[in-house]
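Engineer: Spelled out, the chains give:
Number of protein chains: 2
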Amino acid sequence: MHTNDYYCVIMAGGAGRRFWPHSRQASPKQFIDFFGCGQTLLQQTFDRFRQIVPLDHIFVTTHKDYRDKVLEQLPELAASRLIVEEERRNTAPSIAYAAHVIEKEDPQATMVVAPCDHLILNQGEFKEAILRGLSFAAAHDVLLTLGIRPSRPETGYGYIQIDDEQEGGFYKVRTFIEKPAREFAEIFIQSQEFFWNSGIFLWNVKTIQQAFRNYMTEICPRVDRDVPDFTSCPNISIDYSIMEKADNVYVQLCDFGWADLGTWDSLYEVMPKDRQQNVVVNGQTLLYDCQNTIVSLPKGQLAVLQGLDGYLVASRDNVLLVCKKNDQNAIRKYVNDVEMKFDGKYS
Amino acid sequence: MHTNDYYCVIMAGGAGRRFWPHSRQASPKQFIDFFGCGQTLLQQTFDRFRQIVPLDHIFVTTHKDYRDKVLEQLPELAASRLIVEEERRNTAPSIAYAAHVIEKEDPQATMVVAPCDHLILNQGEFKEAILRGLSFAAAHDVLLTLGIRPSRPETGYGYIQIDDEQEGGFYKVRTFIEKPAREFAEIFIQSQEFFWNSGIFLWNVKTIQQAFRNYMTEICPRVDRDVPDFTSCPNISIDYSIMEKADNVYVQLCDFGWADLGTWDSLYEVMPKDRQQNVVVNGQTLLYDCQNTIVSLPKGQLAVLQGLDGYLVASRDNVLLVCKKNDQNAIRKYVNDVEMKFDGKYS
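Residue numbers (numbering that gives the first Met the number 0), protein chains in the order written: chain E, 0 to 346; chain P, 0 to 346.
Looking at chain E on its own, in the form it has when it is part of the complex (with noise of 0.2 angstroms):
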């Protein structure tokens, strides 16, 4: 292994709403100690890469409202470890300036790159896969994604459909489908040839460097340099512009115990529940005649609850949110009718 080349960068700039009113627009959901369990989803991601890559070789990406938090939340994060983004521009151009960096400081290396709004059940697992993944990436010249064994037809992620095997657990990406409908998700399941796509990304920094100069030429001269224009770059994920259109994408078959915290409905699959099927995220509760219920409270508060099938309990602060969980749409919609009518006092 040549973990002195191994480089990590967590992606931290999401403002995510569908954790409304847990995350706000002062404190997106990675900056939320989400499980009460003392750490935030950031430490939680720093602390899960200390342990694989050198702690120099982490790099954090965020936008520049949130660049005292990051560094708050991670006293052992150099600033210079810390890119910052002045207008929010997607992954892709954070990516590309991310990797110049990194280049520059070691043409050898390769990286994992990260979203930090992830549950990640097994450690261990999840170590092993991604020295396994960095060590392919650093030998093949090939862009990398972690694609998990999905245990349900899960309508709100991305999916990846496998084509042949490269070697063991590394199989070529045949095509990867957006967000699909309940039916075919239900086909992918069934086909054994779809996986989840965690948004995990390896690469050796030469390869995604030119797969940018590819497809994304424009990119280059606005971040190959030491201070980036964030601002001319494009509005673009990484997905779109680079993984979608390379063609020498490919997949490693993952089952570490994974979650998309995109939204309440995924927190609520991959949290431990009671009889009646209730998740308590945080908070003292009391059930009575309640079902398929996911509550998540500040510390110290108390929720009785009764007659409740399917629901999301949440508070935080001064807005208390109780609608139906399984409308993944919904809770945007709220957010953006409360920064309407209260002038952004509650958003």
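These are computed hints drawn from the structure, not numbers from a lab.
Heads up, the list lumps identical chains together, so a pair's fine if it works in one copy or across two of them.
List time: in silico PhoX-like cross-link candidates among lysine-lysine, alpha-carbon distance up to 20 angstroms:
id : residue 1 : residue 2
1  : K244      : K178
2  : K332      : K344
3  : K298      : K340
4  : K298      : K344
Given chain E, work out where chain P should sit, using these hints.
Structural biologist: Leaving out everything else, chain P in the frame of chain E:
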């Protein structure tokens, strides 16, 4: 009118918990600004009677635990007008003692006794009704109660069946009926012979003193003295000990927009509703696809609620309660459970 012989006794000792989490052991509903109007129920009641009898003719009875709360909320109340019970003994003993104190001060006195957990919508009509009742009670040897024309077959209230009319609006009482079953309540409404028992009583001090001597002989030596001995008094209500036994009981028919704030459900009934029959007592709300639901939040809190039909959503301090609002007895059970499980922390 002999306003100078008119006295008022406000009963403010209840520990009612059916409004939990708004009411707590340390702060029952009478001490709460229920409607976010800037006044607690006790303050509203006090102000209501200040417009009817002289300020220093208003007595307040309470339990020793709430002594300071009453004096704090009613800075105009002289300490000498506060009757403090060392032990909870229901309404009969404290009313008997209040009658003794008032009779010593003014043997001609006629008094009105009122709880302070009522909602009165029409203050003008209320004042008129009380003055009419006091005048009737001053002139007759009667125990008078105010009866409210029922607007719905409420099963949470007591009813009074009327007998012959004595004079305009004043009827002899045939019988009292405690909280009836639904089918009886419906018959009561149709018959037009039944009225809600408001629990507001009016009588001459001589008349009520005589009634105590007739029906509760044992109480007299314990309260007809400077320092009453509540501890050795029986724990009994004025309704049960006197009103249901005496033969000079009358009812005055009233219609001033009255509700007993005994339960969330009764509060729901009297409050203005939106087109989906939702009631927002307090707080900012965005309601989606909600019907027949009542919401009460602390000041400055926002609730976004979706898909609730017939629920109560109440939040106060560190407690949230979401439950079906039509089960009157359930909340008492929840509070007991909370007490057992969390050792008084939230009750």
